[in-house]
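Residue numbers (full-length UniProt numbering): 1 to 155.
Accuracy of the hints is not assured; some may be wrong.
Each pair of labels, with its calculated beta carbon distance range [what the hints assert, rightly or not]:
hint : residue 1 : residue 2 : range
1    : CYS92     : LYS20     : 39 to 47 angstroms
2    : ASP30     : GLY124    : 16 to 24 angstroms
3    : GLU115    : SER94     : 29 to 37 angstroms
4    : SER94     : ARG64     : 28 to 36 angstroms
5    : VAL26     : ALA91     : 29 to 37 angstroms
6    : CYS68     : MET108    : 19 to 27 angstroms
The calculated DMTMM-like cross-link candidates involving lysine to aspartate or glutamate, where the alpha carbons are at most 20 angstroms apart (straight line), are [stated by the list, open to error]:
hint : residue 1 : residue 2
7    : LYS42     : GLU25
8    : LYS111    : GLU121
9    : LYS107    : ASP34
10   : LYS110    : ASP61
11   : LYS42     : ASP30
12   : LYS107    : ASP61
13   : LYS66     : GLU89
14   : LYS110    : GLU46
15   : LYS20     : GLU115
16   : LYS111    : ASP30
17   : LYS40     : ASP30
None of these hints come from the bench; they were simulated from the model.
Just so it is clear, CB atoms sit at the ideal spot from N, CA and C, and this is done for glycine as well.
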Amino acid sequence: MAVGKNKRLTKGEIASDGLKGRVFEVSLADLQNDEVAFRKFKLITEDVQGKNCLTNFHGMDLTRDKMCSMVKKWQTKIKIPDSIGKDIEKACQSIYPLHDVFVRKVKMLKKPKFELGKLMELHGEGSSSGKATGDETGAKVERADGYEPPVQESV
1 MAVGKNKRLT KGEIASDGLK GRVFEVSLAD LQNDEVAFRK FKLITEDVQG
51 KNCLTNFHGM DLTRDKMCSM VKKWQTKIKI PDSIGKDIEK ACQSIYPLHD
101 VFVRKVKMLK KPKFELGKLM ELHGEGSSSG KATGDETGAK VERADGYEPP
151 VQESV
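Let the hints inform the model, and build the full structure from the sequences given.
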């Protein structure tokens with residue numbers, strides 16, 4: 001999924017260095033090709049492989065319009081840390097029926113140590129050992145329009 005574009009580089013700059021550590025805020029609707037989604041996810045770029053940026057979870061928030069639609073007259077918005085919406089709803093059901101219980105914001109306080117092997121597993125591109133076995137061979141893919149990129153003499 002394309003999220004943004006990068007600035008043009010000058011001599012001596014490496015594109016991957018400028019992309020690592022960059023935080024993207026993407027709507028859940030964009031990630032799932034859905035019309036209705038009110039959650040925004042923050043993804044941080046951990047590694048760059050060619051034209052692909054491997055991202056990891058960095059945070060989550062609700063959209064402003066969803067927050068405004070939940071607050072109505074004679075109702076209050078309660079911020080509860082370290083709780084999950086469904087658990088609160090089930091626990092309070094016997095006392096008072098609750099509805100529209102959401103976790104508003106998730107923030108990474110302490111990030112675990114970066115391991116490329118685990119990141120590759122998350123993206124479904126690697127094994128836990130990090131070494132490829134000799135059995136796996138790729139299949140040749142033909143483009144539908146028959147396009148062949150021109151051969152470059154220098155890079």
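Inset, instruction - List in ascending order the numbers of the hints, as given earlier, that are violated by the structure. - result: Hints 3, 9, 16 not satisfied by this model.
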